[in-house]
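So the protein lines, in turn, are chains Z and R. So that you can map any letter, position 44 of the first sequence is 377 in the numbering used here, and since no number is skipped, the others follow by simple counting. So that you can map any letter, position 173 of the second sequence is 207 in the numbering used here, and since no number is skipped, the others follow by simple counting.
Don't read these hints as lab results, they were simulated from the structure. Keep in mind that a hint or two might mislead.
Claimed, not checked - Here are the simulated EDC-like cross-link-like pairs (lysine to aspartate or glutamate), alpha carbons at most 20 Å apart as the crow flies:
1. Z:Lys399 x Z:Glu505
2. Z:Lys457 x Z:Glu512
3. Z:Lys457 x R:Glu122
4. Z:Lys457 x Z:Glu419
5. Z:Lys457 x R:Glu116
6. Z:Lys457 x Z:Glu430
7. Z:Lys457 x R:Asp62
8. Z:Lys457 x Z:Glu468
9. Z:Lys457 x Z:Glu475
10. Z:Lys399 x Z:Glu377
11. Z:Lys399 x Z:Asp379
12. Z:Lys457 x Z:Glu494
13. Z:Lys399 x Z:Glu387
14. R:Lys52 x Z:Glu475
15. R:Lys52 x Z:Glu479
16. Z:Lys399 x Z:Glu512
17. Z:Lys457 x R:Asp54
18. Z:Lys399 x Z:Glu513
19. Z:Lys399 x Z:Glu508
20. Z:Lys457 x Z:Glu505
21. R:Lys52 x Z:Glu468
Bear in mind the structure is a predicted one, so any value in this text is a computation, not a measurement.
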Amino acid sequence: MSGGHHHTAEPAPIERRVAALEEAMVSRGLTTTEFIDAVVQAYENDIGPMNGAEVVARAWTDPDYKDRLLADGAAAIAELGFGGPEGEHLVVVENTETVHNVIVCTLCSCYPWPVLGLPPGWYKSHAYRSRMVREPRVLLAEMGLELGPQMEIQVWDSSAEVRYMVLPQRPEGTEGWSEESLAAVVTRDSMVGAARL
Amino acid sequence: MDGVHDLGGMHGFGAVDKADDGPAFAADWERRAFGLAGVVTVLRGHTFTPARAAIERMAPVHYLTSPYYEHWLTATATAAVELGLVDEAELVERAGGSFPLSRPAPGTESALAVAPPYGRQRFGVGEDVRVRDISSAGHTRCPRYVRRHTGTVIRVNAPTALPDLEAATGEIVPEASYCVRFRAEELWGEGEGWFHVDLWDSYLEPT
């Protein structure tokens, strides 16, 4: 049982606390600096919204893949080699002319890591987490996305093990484009539902 | 627990700062904190539940005023101390100042607002369900804003560990969860849109 709350002294600067924990764990052989570097580098270099964009581009160009993606998101992203923590129970929700989907985590910061990487600061903010489940249309407009009155809003709170990703609508004027060109126009925010393409 | 982390529907947090959109890690200490959290998660058997529970036990003012990755650091250090992997005095000494940890976990009895039998799957797609009035001192993934409200099951999820029980006792008991769809009027008395929350069977009761 920790007694941390009994301390009244000024907390050490955050850099020193992080270093203290790392040194303590490394000195006991619980981990290595190299292992920590590898974990971090995977999320800085290999795991990010470019993965989700590839999934979306495939769904736009291959109707059978899209059906599989909407039926079982985790299995369909695995076909493209994506998976891992926070992606084992992936559900993909589809935007249409009359439905707009948006994802949030009111309790913490759950996010579909294998396809979108780590979330941006605003997704983790108190304001986004508190307001998206109460006034999504107002909040989205403040964030730059004005939705027409015909648009029904569907909010997905990642409260259990399911992680959500939005399948944006394919923009007009992209007929005949390659998957690679299509993936290049898919933004992270469009897969969160904070923007439309 | 009825903590400050349970933000759904709260007023007063103002505008979302869309410009807070930088790289995954803004500083090197954030990288290290994330990596260390990964290490402890692996040591605990690849579950995020103890870390989430430890973040929720942070003193409320500390939670609301500290940067995001300080939550991870605090939870990771708390877990490492509670598991006996490192000791608190050593952390304080190495840091050269105090090292605030999360508050102690509540006793098992007050921690749990769910009760056996666990592991059930009582509901099906299309059924209306009511969210129980869950209010425990311990970890739960039943957000306050859906308590006592009625929604409709639109998906049955594969059974996964009931987090309340895992956090309180360490027991892993897989249980079905459901995607439950709520109308804005049901949750807030007004407004528009549909709100979907994934809820374990133990959180629900028949209407």
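Practice prompt. Verify the proposed pairing of Lys399 of chain Z with Glu513 of chain Z, using a straight-line Cα cut of 20 Å.
Written response: The given pair, whose Cα atoms are some 17 Å apart, holds under the 20 Å limit.
Item to complete: Verify the proposed pairing of Lys457 of chain Z with Asp54 of chain R, using a straight-line Cα cut of 20 Å.
Response: holds (10 Å)
Discussion item. Checking one constraint from the list: CA of Lys457 of chain Z to CA of Glu430 of chain Z, max 20 Å. Satisfied?
Written reply: violated (28 Å)
Fill in: 20 Å Cα cutoff - pair Lys457 of chain Z, Glu505 of chain Z
At roughly 32 Å apart (the allowed maximum being 20 Å), Glu505 of chain Z and Lys457 of chain Z break the hint.
Worksheet item: Under the criterion that the straight-line Cα-Cα distance not exceed 20 Å, is the pair Lys399 of chain Z, Glu512 of chain Z satisfied?
Response: With a Cα-Cα distance of about 13 Å, the restraint between Lys399 of chain Z and Glu512 of chain Z holds, given a limit of 20 Å.
Worksheet entry | Restraint check for Lys399 of chain Z with Glu505 of chain Z, where alpha carbons must lie at most 20 Å apart | Within the cut-off at roughly 18 Å; holds.
Discussion item. Can you confirm whether the C-alpha distance between Lys399 of chain Z and Asp379 of chain Z stays at or below 20 Å?
Written reply: At roughly 24 Å apart (the allowed maximum being 20 Å), Asp379 of chain Z and Lys399 of chain Z break the hint.
Worksheet item: Given the hinted pair Lys457 of chain Z and Glu494 of chain Z, is their alpha-carbon gap at most 20 Å?
Response: With Cα atoms ~18 Å apart, Lys457 of chain Z and Glu494 of chain Z stay inside 20 Å; holds.
Discussion item. Lys52 of chain R and Glu479 of chain Z were given as a pair; does the straight-line alpha-carbon distance stay at or below 20 Å?
Written reply: holds (15 Å)
Worksheet item: Is Lys457 of chain Z within 20 Å of Glu116 of chain R, Cα to Cα?
Response: Violated, because 27 Å separates the two Cα atoms, which is more than 20 Å.
Worksheet item: Given the hinted pair Lys457 of chain Z and Asp62 of chain R, is their alpha-carbon gap at most 20 Å?
Response: holds (19 Å)
Worksheet item: Are Lys457 of chain Z and Glu468 of chain Z close enough, with their CA atoms no more than 20 Å apart?
Response: OK: Lys457 of chain Z and Glu468 of chain Z at ~17 Å, within 20 Å.
Figure legend: structure checked against the earlier numbered hints; hints not met, in rising order: 2, 3, 5, 6, 10, 11 and 20.
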